[in-house]
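Participant: These are the residues of each chain, in order.
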Amino acid sequence: MSRMWNPMLETMDRAELRSLQVDRFREQVRHAYEHSPFYRRKLDAAGIDPDDIRTYEDVREVPTTKKGELREAQGGEPFPYGDLLAASPEEVTEYHQTSGTTGEPVRQADSWGDWEWWGDCWATVLWAQGIRPDDRVFFPFSYNVFVAFWAAHYACERIGAEVVPGGNLSSAQRVRKMREVDVTAFASTPTYALRLAEVAREEGFEPTDFAVDTVVCAGEPGASVPGTKARIEEAWGADVYDHAGATEAGAWGFSCDGESVGLHLNEGQFLIEVLDEDGEPVEPGETGEIVITPLNRTAQPYIRFELRDEIGLRESAAVCDCGRTFRFAEGGVLGRLDDLTKVNGVLLAPTAIEDVVRSYDGVSDEYEVIIDGHEEKPDLDVVTVVAEENPETGVPASEAGDELRKRLKQTTSITCRVDVVAYESLDRPELKADRLDDRRENHV
Amino acid sequence: MSKERDDYDLDELRALVADLDEAAAALRAYGETNDVPAIERGATRVEGTLSSVKQNVPGALARDGAFGGDAEDEES
Ligand SMILES: [Zn+2]
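The listed protein sequences correspond, in order, to chains A and B. Note that full-length UniProt numbering has the first sequence beginning at 1, numbered continuously upward. Note that full-length UniProt numbering has the second sequence beginning at 1, numbered continuously upward.
Since the hints were derived computationally from the structure, they do not count as laboratory data. The structure presented is a predicted model; accordingly, all values stated were derived computationally and were not measured. Please note: incorrect hints may appear among the correct ones.
Unchecked claim - Restraint-style ranges between C-beta atoms, simulated for each label pair:
1) Tyr95/A x Ala29/B: 45 to 51 Å
2) Ala26/B x Glu61/A: 37 to 43 Å
3) Glu180/A x Asn34/B: 37 to 43 Å
4) Ala26/B x Arg132/A: 36 to 42 Å
5) Ala29/B x Val145/A: 36 to 42 Å
6) Leu20/B x Ser170/A: 44 to 50 Å
7) Gly68/A x Ala15/B: 37 to 43 Å
8) Glu180/A x Arg5/B: 50 to 56 Å
9) Gly285/A x Asn34/B: 30 to 36 Å
10) Glu180/A x Asp19/B: 44 to 50 Å
11) Ala26/B x Arg428/A: 33 to 39 Å
12) Arg132/A x Asp19/B: 16 to 22 Å
What the hints assert, rightly or not - Residues of chain A placed beyond 10 Å of chain B at every Cβ, according to the derived structure:
13) Asp120
14) Gly288
15) Val386
A virtual CB, placed ideally from N, CA and C, is assigned to each residue, including glycine.
Could you build the full structure based on these sequences and the hints that come with them?
Facilitator: Take a look at the structure:
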């Protein structure tokens, strides 16, 4: 059986793929221009006629779209999507929204066709990660307005795998259900995958005895953070895969079963530009920011959307043996530009702290980062990492704290205060974990 | 047949359903033979949807489709 959901697209010659993308991009821009007043204004102001888009260079003449513009447009009519909407309200069948961690949530309208497209993008992800019609996949997720697990649920259906919905259950009930029906895979945030393993042990099970052989992660970058990935693999005795997506754009990246750590870009369904600070495309081997256009959206299209995710671009053949020609983000999403923060003049990526904490078994899985002004010198930032004792290794709190402080300094160049507290003192969120608490006043 | 038509009689409706059925089965077979799950599983999904359309067209045969040869066996 094919390792790829669609080998015709996933192994397509690069020149042919580029030409296909430009054609689909033109159609997408034309649709947006003809149906969304928001895009018509933008494109008219930039003097863009969709029919003139013939080459990749033409694509870069089209103005980008920023998240702030979406929020602004959604303040207008028709409620609740504003004139971003490129379909009649009757055609909208799905409502979702962003989590709002970086501001007011953006609402996402999808038509039935869009929803089928979401399922297909997610089927690309799940098939690459080994989900097949004979799998029984559990979704330990309180089904709500967060899109990712809904789309993954329907992708399983599309693949022909059996879906076991695990909403509205406690973590203990979820673990028992997984055991009872012998699920072979589950999808969750990396944080919650670790939490479920803890709960399984509390319930008297050994998670590695479960039939689970695949864990699909979404919602946080953890499964491409080596320390976190290794912890989940060890906890469940399963292969752990990453995916990258956004409520607005869709599921645009996926790890595969090949010998690589990072994400293939789904270039069959998206035109993904990786650009430097001046908006110029970076070369393989360089790092840049993603500007993305989903290529088959009806109700709420995104034309050159500034995703604010930073990746290290590679040619697939250089890093992966799976045979895909889709380019590659080595190490996954390196940083969400919205998450980066400056501490005493040094740029800090929260994932760097995550990797240090999760790579050290003297502490448990959960942690929190507090940034505040120094008590006596308010201009000085103080980073406090709160971690928990690890009952499995029994390393004393003071010793664990010293070691963690040393490792954090080595990796982030920042001298952190480390506070190791009792096991299970910290909250264990089911959805996206907001571990960074920035309490600094006047900090932009 | 023209897209604008809205006056199909029942025989013609049945023929349209049969055309869709045939196209979906051909796509599924292509996907299977050439190992393209996106086509094979997508066509299977179309066949599933089509089976409910058939239920709403009097006299359209509930054959083949997403359930393989089972429906045919049941009819005989
Ligand atoms: Zn690969």
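Participant: Using the beta carbons of glutamate 180/A and aspartate 19/B, state whether their distance is inside 44 to 50 Å or not.
Facilitator: 45 Å, holds
Participant: Quick check for students: does the CB of valine 386/A sit more than 10 Å from each CB in chain B?
Facilitator: Since the minimum Cβ distance to chain B is about 45 Å, valine 386/A lies beyond 10 Å and the statement holds.
Participant: Beyond 10 Å on every Cβ pair: is that true for glycine 288/A relative to chain B?
Facilitator: It holds; glycine 288/A is separated from chain B by about 29 Å at its closest Cβ, greater than 10 Å.
Participant: Could one say that the CB atoms of tyrosine 95/A and alanine 29/B fall in the range 45 to 51 Å?
Facilitator: 37 Å, violated
Participant: Taking the beta carbons of glycine 285/A and asparagine 34/B, is their distance inside 30 to 36 Å?
Facilitator: Taking Cβ atoms as reference, glycine 285/A and asparagine 34/B lie about 35 Å apart, which means the hint holds.
Participant: Is the distance from the Cβ of glutamate 180/A to the Cβ of arginine 5/B consistent with 50 to 56 Å?
Facilitator: 54 Å, holds
Participant: Holds or violated: 36 to 42 Å for the Cβ distance of alanine 29/B and valine 145/A?
Facilitator: 40 Å, holds
Participant: Confirm or reject the claim that leucine 20/B and serine 170/A have a C-beta distance inside 44 to 50 Å.
Facilitator: 46 Å, holds
Participant: Take a look at whether the Cβ-Cβ distance between glutamate 180/A and asparagine 34/B falls inside 37 to 43 Å.
Facilitator: This hint holds: roughly 39 Å between Cβ atoms.
Participant: Just tell me: holds or violated, for the beta carbon distance of alanine 26/B and arginine 132/A against 36 to 42 Å?
Facilitator: For arginine 132/A against alanine 26/B, whose Cβ atoms are near 24 Å apart, the range 36 to 42 Å is violated.
Participant: Per the stated criterion, does the least C-beta distance between aspartate 120/A and chain B lie above 10 Å, as a non-interface residue requires?
Facilitator: Aspartate 120/A not clear of chain B: closest Cβ-Cβ about 7 Å, inside 10 Å.
Participant: So does alanine 26/B sit 37 to 43 Å from glutamate 61/A, Cβ to Cβ?
Facilitator: Since the Cβ atoms of alanine 26/B and glutamate 61/A sit about 41 Å apart, the hinted range of 37 to 43 Å holds.
Taken one by one, the earlier hints fail for this structure at numbers 1, 4, 7, 11, 12, 13, listed in ascending order.
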